Structures are given as C-alpha cells and as structure tokens.
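Protein chains: 2
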Amino acid sequence: MKNILILGGDGYLGWPTAIFFSSKGYNVTVVDNYFRRNACENLSLRPLYKIPNLINRCQEWKKKSGKIIKVILGDLTDPELMRSLFQKKTITSWPEESCIDNKPDTIVHFAEQPSAPYSMTNYKNANFTISNNLLVTNNLMYAVKDFSPHSHIIKLGTMGEYGTPNIDIEEGWIDINHNGRNEKFLFPRQASSIYHTSKIMDTDLLWFGVRAWKLKVTDLMQGPVYGFTTKEIKNNEKLYTIFNYDEIFGTIINRFVTQAVVGYPLTVFGKGEQKRGYININDTIQCIDKSFSNPAKNGELRIFNQITQTFSVNQLAEMIYEVGRELNYDVSIKNIPNPRIENEDHYYNPKYQGLKDIGVKATLLNKDILKDFFIHVEKYKNNIDRDIIFKGIKW
Amino acid sequence: MKNILILGGDGYLGWPTAIFFSSKGYNVTVVDNYFRRNACENLSLRPLYKIPNLINRCQEWKKKSGKIIKVILGDLTDPELMRSLFQKKTITSWPEESCIDNKPDTIVHFAEQPSAPYSMTNYKNANFTISNNLLVTNNLMYAVKDFSPHSHIIKLGTMGEYGTPNIDIEEGWIDINHNGRNEKFLFPRQASSIYHTSKIMDTDLLWFGVRAWKLKVTDLMQGPVYGFTTKEIKNNEKLYTIFNYDEIFGTIINRFVTQAVVGYPLTVFGKGEQKRGYININDTIQCIDKSFSNPAKNGELRIFNQITQTFSVNQLAEMIYEVGRELNYDVSIKNIPNPRIENEDHYYNPKYQGLKDIGVKATLLNKDILKDFFIHVEKYKNNIDRDIIFKGIKW
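Quick note, the sequences are listed as chains A and B, same order. The first sequence begins at -15 in the working numbering and counts up by one. The second sequence begins at -15 in the working numbering and counts up by one.
Watch out, some of these pointers could steer you wrong.
No distinction is drawn between identical chains; accordingly, a pair holds when it is met within one copy or between any pair of copies.
With a cut-off of at most 30 Å between alpha-carbon atoms, the simulated DSBU-like pairs for lysine-lysine come out as follows [claimed, not checked]: (1) K378 with K108; (2) K168 with K259; (3) K168 with K335; (4) K378 with K365; (5) K281 with K255; (6) K259 with K198; (7) K34 with K375; (8) K259 with K129; (9) K222 with K198; (10) K108 with K281; (11) K87 with K378; (12) K108 with K198; (13) K351 with K215; (14) K168 with K255.
Don't read these hints as lab results, they were simulated from the structure. Nothing here was measured: the structure is a model prediction, and the numbers come from that model.
Take the sequences, apply the hints, and build the full model.
As structure tokens, then:
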C-alpha cells in the first residue's frame, strides 16, 4: 500500500486531496502549520462556514470511513521537521504518539503561502511569502535527495508564473532557435506579484534539483480553482474544505458567486479583459490523481498546465450575472479602477494538453454548476460579511 | 555630493568599491554583517593575509586620505535595518553615533552569500544562501520603492545564471518568435548550484519590482573575478581586500596562482573544457563606476554581462603553468574527477558589449599581470595552508 504525504493538508486543496487518497485506501499523512487559519483569524477574514480543526476533521473522517489520516502539526520551514518525515522519526499530533513508519512514495506539496494579494500587503508579508515558500520547497528537495530519491514530488505551481506574454504559452518548456542554434528551455516566466514570483523561484529550484540529483518532479501550473466541494466530502458538512470569499484568499469565481448572493456588485478590476485559465476543484483532485498514478521519471521535471478553460473577467462576471438573475438575485457588475498592476487587455493562448493525455476528463463550467454553487452559498448567506469582500489591496 | 550606499562593503569586491568612490570624493556608507569573515573563521579558511576589521580599515583610510567611510555593522535580512538606512534613522557603528543624514542616490548591492560550493555543503547552508540573498534583495527593493524610488540600484548578479546553453548568450534579454508572434523575455536561466539559482531568483524579484514600481535597476552578470588589489589600495597593506585561495571562497585564477606558488598541482575538474567569462578586479570597479555614472532609467532593468574574456579551465591552467615555470615554480596540472555536476565540454558564446558601450576599457589577462600576481602571492607564501586548497565539495 502506497504512502502519501500531503504538505499543507489543511488547506482549500490539500484537505480534499487527503480525503481523496484516503478514500482510495492509501496511507495518508498530512502536515500543516495552520498558516491559512491563523491569517484568516488575524485579518478577520472569516470563511463562509466554520471548519473544525485538522485533528477533529480527521476524527470525523475516521468515524465516517473507518480510515485514519495521520496528522502532524508543524512548520516545514524547519528542515529538521521535514527530514524527520523521511526517517521514521516523526511523532504524529494525531493519532496520539503514533509514529510515521514508512517513507512516502509520493509527496504532494501544497505547503505555500497561496495568495497574491496577501504577498502584496506589505514588505513583511512579502518576506514571509518568499522565505516560507522557498524554504519548504528546498527542505523537501533536500530530504528527498538525502533519504528517498525515488519518491515522486507533485508540486503545485501556478499559471501566473508565465504572466501574459504575447506568444502562445507552452506546457512548461520551449524550444528556442537563436542565431542558427537550438536549445530547450523552461518557458520564460514573468509574474505579476511577489507570490507568483515566489512560484517561479520554486520552479527554478526544483529544476536545479532534477538536473543535479535526478529527482522525480511533477510541477502543476494551476489556474484559479473554483468550487466548494469534491465528491468525497459533499455529504458531510464537518468534512467541508475551507471556503474564502474575501479578496485575499477567495478565488475569483468563489468570490463572485458569494457577492451575487448578497447583492454586492461584482467587482471587475479595470477593463476586465484579463484572461486566465480556470479549473474546477474536482478536476484539481483528478489532475493530482492522474499525476500520481503516472509519475515523472527520475531526472524529469514534468510540467503540466492545470486548467480546463480560459475566461476573461468580463466573461466570468457575465455568466454569474446571468445565472444569478435567473435565480432572482439582485446581481450587478461594477468596473472599478484596477488596484493591481497587470495588463487589462492582452493575448492569451495557453496550451493544456498533457493532463488530458494521461486521462483527466475536464469538468467544464456551465450554468448547472453555477446554479448548484448559488444554492450552496445561499445556505450560508447569513454568515457573509460584506466588509471583507473588497479591500482594494494595491500593488 | 552624491551619497552611495554599499551593501556588503566588507567583501572582496565591496571594500575596493567603497574605497574607489570615497577616493573620488563621494559620501560613502558601507553595511556588512561579517558573514564572510565568520564563515572563514568557522570553516578554518584563513585568507592569504590578515585583514583589519571594517572599522579599523576605515580608520586607516581616513588617516591616509582624510576621508570618512561610514560603517554600519548589521544584518540586512532585517527589514527594519534596511529601511532605517533610507529614513535618516541609522546610527553608525563608526564614526561613533554619527547619523546617516541623506538618502542614498545609488545603492551597490553585494550583500549576498557569494559562494557556489558554500551553498552546496549541506541543506542548512543552502537554506541560508536562499533566504539571505532573497531577503536582502527584497528588503532593498521595498525600501527603495517606499522611501526613495529614484535611487539607482546596482546589483551584482552572475554569468552563472545563464548556465551553459547551446545557443549564444545575449545580454540579459532575448527576442523570441514563436508560432508567428513575438515577445521579449529575460534570457532563459538555468544555473548549476543553489547559489547561482538564488541569483536567478534575485533577477526574477528585481524584474517584478521594475515592472510594478518603475524602479531603476542595473543588474551586472559578472563572471569569476581575479586579482588581489585595485589601484586605490595597492600601496597600503592595511587596506588590502580579502584574498581567499580555498575552494569555497577563492575564485579559480586566485586559487591556481596560489597553488602554483606552493607547488600544489592545479586542480582541473574533469575534462577541463568548462568555459566561463572572467574579469579583472580593477575592471569590476570600472564597470560599477560606469554603471553609476550612466544610470538605468525608472522602469528599466538594465542587464550587462560583466566579463572581458572567456577561457576554459584548461586554458587558465596552461597560462598559469607557463608563467609559473618561467618564474621557476614547480607547477603541475592534475585532472581530477569532477566533484560538481556540470557540463565539461560545451558551447559557450556570451555577448558582452554593453559595458564597453558606456566606456569600460578591458584589462586583459596576460603574462605580465600573472607575473605581478605571482610576485604578490610569493610575499605571503608562508601563510599558505595547503590543506584548505581542495576539499572536493560534492554537488
């Protein structure tokens, strides 16, 4: 039975990933430092509903499924904690005094500060984003090299690493012919926040590790994720994943649906022609699953663009406007001066074929999915705090 | 009179840069955390001769020239120290209780862990390299943005950021035509150590700052520097810059001359066909001076390849062998298994025109320069510790 280690297993995506692999019968261990919970608390960014702590959620999962997800609460920027996970040394936070007995076959690495606006709030949070994200990645890379060089690292990157160049965005790599000679390079990256830049740096670091030590790495360039639940958790409220609708941790579709439900105008930044690739949370899990069962080879940095559709902000706003109106919500759209520095009208043609090639079937955003989404958010309407929706964090 | 702030002003290049600008009459302030001194002490890597501490050197400089270089001893990964330098708040370490009264017009940023082998010794030093180099750069970027957006940042990068690609290396940027469309990108970077990778990350970070906040940045992609002195300090031993000949902090030409003087075989790693661009320490100062007097514009990341010649390791070894033999040293060359992971025989064609265009006149390595170098090292022959020359730090 394979052992799967999920770093950042308390988060929006880490938690449903843990549940998914546990439901399939794998030995799952999650590690988290509660950064997201603490930041929400400190910045008064209450999620749409309360989420039990990680140990309580795992206890609930055990009650429901009979399966144990081991929990380790700790900070992975500490290299000794990271290394202990590969040396049968770690004592879990739950179940009590249980030891991790086997090296992980696969590590799914979500343990990063995940918000562009958070990274841009001030120099302290910029420093935190850089040092947290890079030290966790470096500690992981060294631990795998030193103790378990055949483990497969699945790392969450972001489409934001590429920015919005005037050429087609390939999947991770590009062949360049220059003055009559050829070379294959990482596709050039130029991001538009400190957070996204930290993810470029992660890629740089892993690319070094792959070349130097023949590590096995899959780097998933993910677009903004939407959705409130996955198949495995939808029938048990106590297992729900965290859902933020604020400007800092809420992704755009999740925010817009929530805004529509309370009649808060959909906040389109600038012209609204910013295009991005998006993905349903169920497809995120599918992508990780397919990457897991079709691993990268030693010495390979395999990069997939993890999106299923592209939309402009205007297109998203219009879809949510229409569905909201059909459901009799008082939806409106408001263009506001862009607080960010980004291109508001640009070429955007990313390729995303690799994950399809290993078997991912896309769930495309449509009116039915959005209707379900409205119905779900409606249940928690009374929890919604209009004051945290938009703060205009400036770049 | 312009104010110049030199971060890392106690180092091999930072110190002669400080002396140069002070000799020209500028107001110079140096900041250093003594990382290099402490690392040499902790790893028993004694430099070729003893160097007075930074305050004593500045006192000596004042005696000789009548000029004051202000000294601040402290760690620039602390953002508050960095920010205080731009707010007339810092109390100097020397002269006593003097205040920095003006914002710097130009900041020359050398305050990084500068050694590839050091970064590869273990995971702790890898983490230190990443967090030190990135946090100092980020703190600098934010301080300039917040307090002095018209200050010119001159940052030392490295040719190692490019690695050894199979195409010509342009100066920082490349135009890519792909599927019929065009975009200008940072030249793709892929380095071969954690240190060099941290420098790629610095470039990523500054490129973000330039686009977001219109900063003025010159990034100097420097090759390995050689030489023991600059014009301004050569007649006063107490003003000499630090000279390492060990594998960790000693650059290759400096090491090879020292090895030749004590009859230690020149250690050529692998085939020895590794090609790099090199530069004389006097030309480093010239390049910084010309960059200073021809600053980048706001919103410009200007990149120069700061080298004057390229050589393979074999070519360097042969030149030093010949000069050593002419001076009757017992020089020999020994090919040893390469402890590093790098291409040993590769295409290498870097461009380096930009600094010439703003007036830098190259000092080319020749037999006379090498003879002077041998004579200089000979004076300190009794200080040379053969045991620290080669340790074989593995990648």
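Margin query: Treating 30 Å as the Cα threshold, decide for K378 and K108: within, between, both or neither.
Written below: within (15 Å within a copy, 35 Å between copies)
message = Please sort K259 with K198 into within, between, both or neither, judging by C-alpha distance up to 30 Å.
response = between (36 Å within a copy, 24 Å between copies)
Alpha-carbon proximity context of K168 and K259, limit 30 Å: Cα proximity of K168 and K259: in one copy and across copies (27 Å, 20 Å).
Open item on the list: If the cut is 30 Å between Cα atoms, do K351 and K215 qualify within a copy, between copies, both or neither?
Closed with: Classified as within: same-chain Cα gap 19 Å, cross-chain 74 Å, threshold 30 Å.
Intra/inter-copy verdict for K281 and K255 if alpha-carbon distance must be at most 30 Å:
between (43 Å within a copy, 29 Å between copies)
Quiz item: For K222 vs K198, is the C-alpha pair at or below 30 Å within one copy, between two copies, both, or neither?
Solution: Neither. Shortest intra-copy (41 Å) and inter-copy (48 Å) distances fail the 30 Å Cα cut-off.
Given identical chains, is K378 near K365, meaning Cα to Cα at most 30 Å, within a copy, between copies, both, or neither? Within one copy, since 28 Å is at most 30 Å while 59 Å is not.
Practice problem: Give the relationship of K34 and K375 under a CA distance limit of 30 Å: within one copy only, between copies only, both, or neither. | Solution: Answer is within; shortest intra-copy Cα gap is 22 Å, inter-copy 56 Å.
Alpha-carbon proximity context of K168 and K255, limit 30 Å
between (36 Å within a copy, 24 Å between copies)
**Prompt:** What label fits K168 with K335 when the C-alpha limit is 30 Å: within, between, both, or neither?
**Reply:** both (17 Å within a copy, 20 Å between copies)
- Query: For the identical chains here, do K108 and K281 meet the 30 Å Cα criterion within one copy, between copies, both, or neither?
  - Reply: Between. Shortest inter-copy distance 27 Å satisfies the 30 Å Cα cut-off; intra-copy 38 Å does not.
Alpha-carbon proximity between K259 and K129, which holds within one copy, between copies, both or neither at 30 Å: Answer is between; shortest inter-copy Cα gap is 28 Å, intra-copy 38 Å.
In this structure, only the earlier hint numbered 9 is contradicted, and the remaining ones agree with it.
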